[in-house]
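Undergrad: So the chains spell out like this:
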Amino acid sequence: MIPVLIVVSVLIFAMVRITPSDPVASMTKGKNVSEETRQELRVRYHLDKNPAEQYLIWITGTLHGDLGESYQYKQSVGSLISQRIGITLSLVILSGILSVLVAIPVGVISAVKMNSALDKFLSVLTLVFVASPVFLTAIIMMFVFALKMGLFPSFGTGNGLWDSLYHMVLPSVALAMNMVALTSRITRTSMIEQLNSDYIRTATAKGIPRMRVIVTYALKNALIPIITVTSIQIGSMLVGAVLVESVFAMGGLGDLLISGIKAADYPVVQGVTLLLVFIFLCINLVVDIFYAILDPRIRLK
Amino acid sequence: MFSVLIGHGPLCRSKKKRYGKLLTPAVTISLAILVLIVLACTLAPVVAPCDPNAQDLASRLAMPSSAHWLGCDQNGRDLFSRVLYGGRTALTGALGVVAFSMVVGIPLGLISGYYGGLADNLIMRVCDVVLSFPSLLLAFIFVAGLGRGTFNAILALGIVYVPMLTRLTRSLTMVEKNKIYVVACDSLGYSDLRIMYRHILPNCISTILVQITLDIGYAILDLAALSFLGLGVQPPQADWGAMLDEGRTFLLQNPFLSLVPGAVIVLMVVSLNIFSDGLHQYLDQVQTALPSFRTYERKYLKKKEARSDGEPA
Amino acid sequence: MENLLEIRNLTVELMTTRGIVYALSGVDLAVRPGEIHGVVGESGCGKSMTAKSILRLHNPQRSRMKGSIRFEGRELLGLPDREIEKLRGSAVSMIFQDPMTSLNPLMTIGDQIADMYRFHARAGKKEALEKAQEMLEKVGIAPAAKRFRQYPFELSGGMQQRVMIAMAIACAPKLLIADEPTTALDVTIQAQILELLQQLSADMGMSILLITHNFGIVAETCQRVSVMYAGKVVETGETRDLLRRASHPYSRALIRSIPGCEERGTRLETIPGSPPALFEPPESCMFAPRCPFAEERCRKAYPTLFDCGGGHLAACFKPLGKEESTRV
Chain A
3 MIPVLIVVSV LIFAMVRITP SDPVASMTKG KNVSEETRQE LRVRYHLDKN
53 PAEQYLIWIT GTLHGDLGES YQYKQSVGSL ISQRIGITLS LVILSGILSV
103 LVAIPVGVIS AVKMNSALDK FLSVLTLVFV ASPVFLTAII MMFVFALKMG
153 LFPSFGTGNG LWDSLYHMVL PSVALAMNMV ALTSRITRTS MIEQLNSDYI
203 RTATAKGIPR MRVIVTYALK NALIPIITVT SIQIGSMLVG AVLVESVFAM
253 GGLGDLLISG IKAADYPVVQ GVTLLLVFIF LCINLVVDIF YAILDPRIRL
303 K
Chain B
891 MFSVLIGHGP LCRSKKKRYG KLLTPAVTIS LAILVLIVLA CTLAPVVAPC
941 DPNAQDLASR LAMPSSAHWL GCDQNGRDLF SRVLYGGRTA LTGALGVVAF
991 SMVVGIPLGL ISGYYGGLAD NLIMRVCDVV LSFPSLLLAF IFVAGLGRGT
1041 FNAILALGIV YVPMLTRLTR SLTMVEKNKI YVVACDSLGY SDLRIMYRHI
1091 LPNCISTILV QITLDIGYAI LDLAALSFLG LGVQPPQADW GAMLDEGRTF
1141 LLQNPFLSLV PGAVIVLMVV SLNIFSDGLH QYLDQVQTAL PSFRTYERKY
1191 LKKKEARSDG EPA
Chain C
5 MENLLEIRNL TVELMTTRGI VYALSGVDLA VRPGEIHGVV GESGCGKSMT
55 AKSILRLHNP QRSRMKGSIR FEGRELLGLP DREIEKLRGS AVSMIFQDPM
105 TSLNPLMTIG DQIADMYRFH ARAGKKEALE KAQEMLEKVG IAPAAKRFRQ
155 YPFELSGGMQ QRVMIAMAIA CAPKLLIADE PTTALDVTIQ AQILELLQQL
205 SADMGMSILL ITHNFGIVAE TCQRVSVMYA GKVVETGETR DLLRRASHPY
255 SRALIRSIPG CEERGTRLET IPGSPPALFE PPESCMFAPR CPFAEERCRK
305 AYPTLFDCGG GHLAACFKPL GKEESTRV
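Protein chains in written order, with the working numbering: chain A, 3 to 303; chain B, 891 to 1203; chain C, 5 to 332.
Note that these hints are calculated values from the structure, not bench results. Backbone N, C-alpha and C fix where the C-beta goes; we use that ideal spot for every residue, glycine too. A portion of the hints provided could be inaccurate.
As the list claims (entries may be wrong) - For the chain C half of the interface with chain A, some residues (derived, Cβ under 10 Å), not all of them:
| # | residue |
| --- | --- |
| 1 | ASP85 |
| 2 | GLY93 |
| 3 | MET104 |
| 4 | THR112 |
| 5 | GLN116 |
| 6 | GLN154 |
| 7 | TYR155 |
| 8 | ALA174 |
| 9 | THR225 |
| 10 | GLN227 |
Stated by the list, open to error - Cross-link-like lysine-lysine pairs, in silico, DSSO-like; alpha carbons within 30 Å at most:
| # | chain 1 | residue 1 | chain 2 | residue 2 |
| --- | --- | --- | --- | --- |
| 11 | C | LYS70 | C | LYS90 |
| 12 | C | LYS130 | A | LYS222 |
| 13 | A | LYS222 | C | LYS90 |
| 14 | C | LYS90 | A | LYS115 |
| 15 | C | LYS90 | C | LYS129 |
| 16 | C | LYS129 | C | LYS142 |
| 17 | A | LYS115 | B | LYS911 |
| 18 | C | LYS178 | C | LYS129 |
| 19 | A | LYS222 | C | LYS135 |
| 20 | A | LYS222 | C | LYS129 |
| 21 | A | LYS122 | A | LYS222 |
| 22 | A | LYS222 | C | LYS150 |
In isolation and in its complexed conformation, chain A is listed as follows (with noise of 0.2 Å):
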């Protein structure tokens, strides 16, 4: 993970720079200013000197959790970033729980009854739901549930607690419908798979309870390719939740990143995509670690 990490940082720096734009214009949000205050504020943000240079300067800076410091809002990165990874991360937690648990028994049910007019019906949800791009969603349920029925806000965060949950309860749903549709499919795959499977005709034959069969036997093994998808899905969720945010103008990290993009403004980019690297990294991680506990195959090696 680490040797990743150093060259993701480096491919992140490198690229941000591919073309040579002048980042003093979004410091000076266009005003027009002299030479002199221009070369002060190269100076100061190390734009004088060269790349590798500022590269060592920016990564010793990261190590030791300073990321520089922004070129529009002149704070620095870190604060940007904690003032608002909290929306994030709950956005993402949260449809990622709401979506496991509703795809998981979607897609073991689509399984079991497989061709059944239910499944049929499901998998024709689930594949306008995958069709479906997460902001399109978004909007739609803006639409619906909170412009035309007023039942949730459209927009905003929330104070306390559950205000903040009330204001999430949209956000959450929309970014976990699309998930929803690519596990439940991936577990409808897979349990078929694993129904059709030798072991699974034994342990009918040896007259365990179907329902047994399919939940203790043929799900725990249908469990390995789940997780892997779900972890990649996880990844596009970061990214979804960037969306998502900006629908529903929350202001979170997606908000920060984008209007960084957009500004040229190097230490935001450059912060918050290798704080998203490293989030996915870390789930890559635990999920490496849910394979060894369900799979005593990769345990014992």
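Once you've looked at the hints, dock chains B and C against the given chain A.
TA: Leaving out everything else, chains B and C in the frame of chain A:
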């Protein structure tokens, strides 16, 4: 004589009877929708009633009418025409993304799977790095570096799509590589290039093809996401994603502005998914696609009866 | 003697990617209490299908069964799912060809055996585990206490098959269906497993329906044998009797193709042609196209059973006489 025996590996058996047809009702309908959308978008200059950028300020945010079938946007531009032109942007963009990933990803996967060793190691490490970015994030910072715009967004997504296709091709190649027909080709002294492209690739292509049809759908979604965030297609150019973004400000005044491009995206991607599924079931003869005994028997017997009825007694 | 298992005119039709396959078209089979009954035939002749039909292990959506399967006088075919579930593993159990894939890879073998007691004998968890350990010892897995906590992938193929057997006999079934139990194993291990099965059958008074394609195994272990061809039983009888005077041309050809039955130096016989595809229900003798003795009537109708005496039956119009068979 030998080449007859070896042929192109399992593809020689392509005459074996396949169960079912490619064009099941669901696949036919989705294919028809795809053709319709693609045709309408390519022929946009002919089909569209208005110039997509012509502003008719009198009918700003107009609801659907006979003059403007789907109404007008905040600048009084005809929504129907913009959806058609937007489709051109979205579809060529998606095709560009997939084409890029194919041109780069498939050869890399073939090399990686066929040669193994150092080349494989190197290619796979690069893929690992790219895949350590959660989905679109890499595309985001590519755009951050390259600058916003349609072309850069396509390029960025193309790069993001490469590792998936590389990995798929690699794993398929590794399976094919050890089959007898490849060993036989090798013993006949065929060049590696010939073995890879003439023998291995045709045997993997059905799976790759299924993946590619799916990828086109995902590319449409991802490109729309980039445009939605203002990182891809820039206004005033028409594009489904960008239109969704522009329209959401006027959700209460005219919901069609967002919902119509959204609906077209969903329709397009659902159709691609169904088509891809059908292709997969047809090419790989998926067992689970079989109908139940009773359904099959009903159809089968009906056909049989019809046949025997036709014969003179 | 009352038969433990009696299959009458069993037909199974299966749905496949290439159309309906008439996998079994009228199988008659009887297993007596305590006997080891062999079923032999080429691959695809319906041996395993017959075995799976007894416990109704086919996908109910993709298959249809007709006829009658009686176990201890009780008809199994119309039985509700719950009833058949109770029967599986307790009165009739089954072991399969490939032990590697037939065991749940994520459960310890102890837990897998213990499940038998928990669901059939309603035993508590601790009691079930204790009994499972005993059962492992009984099938010759040592040290049971250690093996007990291991996962299937940590065991060899022979050990895995012993675990399968332990699981199958845990509830002292009256009938054990062994579907090619030794095909995936080494020859030396094969002999051990067969010996174990014979010993268990004798100890517990358990009948075994032994499915195999190997006549050698039948000769060594089975009291009676049925020969199957293209979805039908073509000949049944005492193993010795059948081996000595096979009456159906197919059985005879099958016996002659066993290495070791002929004198040294003679060429091993083969059966010309290959078994028919079963896309149409059979109307005449299915072996006729490959049979050297076939005549007009063989191609027109299905032969009735011919009684060769001593419970030895053959489905042939012109069963081979004694003088011809003695050569075998």
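Undergrad: Now tell me, hint by hint, if it's right for this structure.
TA: Hint-by-hint comparison with the structure:
| no. | hint | verdict |
| --- | --- | --- |
| 1 | ASP85 | holds, 8 Å |
| 2 | GLY93 | holds, 3 Å |
| 3 | MET104 | holds, 8 Å |
| 4 | THR112 | holds, 8 Å |
| 5 | GLN116 | holds, 8 Å |
| 6 | GLN154 | holds, 9 Å |
| 7 | TYR155 | holds, 4 Å |
| 8 | ALA174 | holds, 9 Å |
| 9 | THR225 | violated, 21 Å |
| 10 | GLN227 | violated, 24 Å |
| 11 | LYS70(C) - LYS90(C) | holds, 22 Å |
| 12 | LYS130(C) - LYS222(A) | holds, 23 Å |
| 13 | LYS222(A) - LYS90(C) | holds, 24 Å |
| 14 | LYS90(C) - LYS115(A) | holds, 22 Å |
| 15 | LYS90(C) - LYS129(C) | holds, 19 Å |
| 16 | LYS129(C) - LYS142(C) | holds, 20 Å |
| 17 | LYS115(A) - LYS911(B) | holds, 24 Å |
| 18 | LYS178(C) - LYS129(C) | holds, 25 Å |
| 19 | LYS222(A) - LYS135(C) | holds, 25 Å |
| 20 | LYS222(A) - LYS129(C) | holds, 20 Å |
| 21 | LYS122(A) - LYS222(A) | holds, 24 Å |
| 22 | LYS222(A) - LYS150(C) | holds, 24 Å |
When each numbered hint is compared with the structure, violations occur for hints 9, 10.
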